[in-house]
Every structure is written in structure tokens, then in C-alpha cells.
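Each protein sequence line maps, in turn, to chains A and B.
Take 1 as the starting number for the first sequence in the UniProt record's numbering and just add one per residue.
Take 1 as the starting number for the second sequence in the UniProt record's numbering and just add one per residue.
Read the hints as simulated data drawn from the structure, not as lab findings.
Keep in mind the model is a prediction, meaning the values are calculated, not measured.
The beta carbon of each residue, even a glycine, is placed where N, CA and C say it ideally should be.
Among the hints, a few may not be true.
With beta-carbon atoms standing in for the labels, derived distance ranges [claimed, not checked]: (1) A:Leu-33 <-> B:Val-68: 32 to 38 Å; (2) A:Asn-112 <-> B:Val-68: 51 to 57 Å; (3) A:Glu-36 <-> B:Thr-41: 20 to 26 Å; (4) B:Tyr-38 <-> A:Tyr-38: 29 to 35 Å; (5) B:Tyr-38 <-> A:Thr-48: 43 to 49 Å; (6) A:Phe-66 <-> B:Leu-33: 52 to 58 Å.
There are 2 protein chains.
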Amino acid sequence: MDELPGALGTSASLALRLGQAVFAVASLLFMCLDIEFYSYTAFCFLVTIMGLVIPWSLTLAMVDAFSVFMKRPTHQSSLLSMIIVGDWILSFLSLAASSSTASVSDLLIASNGSFCTANICTRYQLSAAMAFLSWFLSLASSLFNLWLLPTS
Amino acid sequence: MDELPGALGTSASLALRLGQAVFAVASLLFMCLDIEFYSYTAFCFLVTIMGLVIPWSLTLAMVDAFSVFMKRPTHQSSLLSMIIVGDWILSFLSLAASSSTASVSDLLIASNGSFCTANICTRYQLSAAMAFLSWFLSLASSLFNLWLLPTS
Chain A
1 MDELPGALGT SASLALRLGQ AVFAVASLLF MCLDIEFYSY TAFCFLVTIM GLVIPWSLTL
61 AMVDAFSVFM KRPTHQSSLL SMIIVGDWIL SFLSLAASSS TASVSDLLIA SNGSFCTANI
121 CTRYQLSAAM AFLSWFLSLA SSLFNLWLLP TS
Chain B
1 MDELPGALGT SASLALRLGQ AVFAVASLLF MCLDIEFYSY TAFCFLVTIM GLVIPWSLTL
61 AMVDAFSVFM KRPTHQSSLL SMIIVGDWIL SFLSLAASSS TASVSDLLIA SNGSFCTANI
121 CTRYQLSAAM AFLSWFLSLA SSLFNLWLLP TS
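Sequences are here, hints too, so could you generate the full structure?
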């Protein structure tokens, strides 16, 4: 089997996983630090999903790191399908969470600062942007692994 | 090639496509009829995406109907990949639109009726629910066709 960059067990995949985790952490920090986010359902949803994405991405990053540094590729078909399904579900959830957050923060800004100060509104938007980036990387991982599935 | 229910050119696929179109139309009607939806970005986004989903689903429903009633299956690999990519993009967009709409209407309801009356808030929520159902059927179509791709 030829090695596909970005699929499970390659260094590109390791980079994608680390990117997902970093963006998810950034999104959480922008949302949680010193803000009372829990008065809005959409923001709670975002925090929950990002809290799921971080351990998932870090676990798979460890699998990739093991595979890259120990030169022992892990290509079990059953493991791969589980990872694809998980990636898939998480990518859908993080897309839903980030678009909810983006639209709610947009609405809060449109209400002319009666709900949040300009500084905090910007942080909501940044959090949504980080979640979008995390979604994008998660989708990329999922697609690369899906490509690999028929050949493994 | 064995026939997969739900893939392009089967009666199950025809049903899925018609379901998508019906739910998208229902979502549009709940959102647009007698409501000034265009003051909220999320609602405009939903209307745009549902306006894209309807012609797409109806076109593919016609392709399926042709294939079912004329007994002439259309399994060109290039056509199939175009349809999968289109389904994919539309399903992501409709998920984003429906979750945005759901979160914004939730926020409007939480503001105790200062932005919308109870009747209209319920219609926003129904519209989001219909868009979710349309997304779900669109995802199902996309997955069935994806399954078919390696065998065609």
C-alpha cells in the first residue's frame, strides 16, 4: 500500500491532529476566560464540543506520533473505520457549534452592545473562527482517512 | 454490480430526494411567509441555502425518476462523483444554516418576546427543524452514493 499523506500514521496526520487540538484550545480559551458564556445555549454547546474535540485529537495525535517515531504503521481496517466515524461525527458537531456561535455573536453585535461590550463580542467571534478552523482540519483528516479505507 | 438501495437511480433515492425537497420547501415557507426574516443574517443564510437545496434535489429526483421508470440505470463514475461532492457541500451548508437558525431563534425566545411574538418564534424553530430534516436526508443520499463510488 502506498503511503497517503494525511492518513492515519503519517506525519501530516500528526500535524492535522495537533492543529485541531490547538484551534480547539484557542476557541475554548477565547470563550471561557473571564466570560459568563453559560447564559447562551449556543456557547455552552461550543464549549462541550470543543471539550470533546481536544481529547479525541490528542489521543489520535499520540497514535500518529507512535506510528511515525516507532516506524510501526497501524493500518487495521476496523480501527480505521472507527476513527473515520468518530471524526465524522465530531466534524459535524463542531460545524454546528461554530456556526451557531457565529450567528449568535453576530446577533449580539447587531443589538448594539446591549448584551456584550465590543471587546467581549470580538472574543465570541474569534472563538467561532477558531472552531471553524478546527472543524476544517477535522474534515480534512476524515477525508484523508476515508480515502485510505478501500485500500486497507 | 448489485443494486444498493438509496444510491443514484433507485426508487429509495427518489424518495430521499423528494423528502429533501419537501422539507426544504416547508422550511422556506415557515421562514418566509409573512415574516420579515431579512433582519437576521442567520435567517437570510437559511433562505439562501434552502433555495439552493430545492432545485438541486428536484433535478436529481428527475434523474432518479428517469432511471427508475425507463429502467435505464445511470452509473457514470464522473457524474456520480460530481453528485457526491455537490451533496456534500449542500449538506454541510444546510447543517450550518439550520444550526444557526436554531440557535438564533433560541436566543430570540430567551429574550422574552421583545424581538418576536410566541407565534413567530415557534415558526422560526419549525423552520430550523425542517432544515435539519432536509440536512439529514441529504447526508443519507450522500453516504449511499459514496458507498456506491468504489464499485462503479
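Each hint tested on the structure:
{"no.": "1", "hint": "A:Leu-33 <-> B:Val-68: 32 to 38 Å", "result": "violated (56 Å)"}
{"no.": "2", "hint": "A:Asn-112 <-> B:Val-68: 51 to 57 Å", "result": "holds (55 Å)"}
{"no.": "3", "hint": "A:Glu-36 <-> B:Thr-41: 20 to 26 Å", "result": "holds (24 Å)"}
{"no.": "4", "hint": "B:Tyr-38 <-> A:Tyr-38: 29 to 35 Å", "result": "holds (31 Å)"}
{"no.": "5", "hint": "B:Tyr-38 <-> A:Thr-48: 43 to 49 Å", "result": "violated (31 Å)"}
{"no.": "6", "hint": "A:Phe-66 <-> B:Leu-33: 52 to 58 Å", "result": "holds (57 Å)"}
Violated hints for the displayed structure, listed by number in ascending order: 1, 5.
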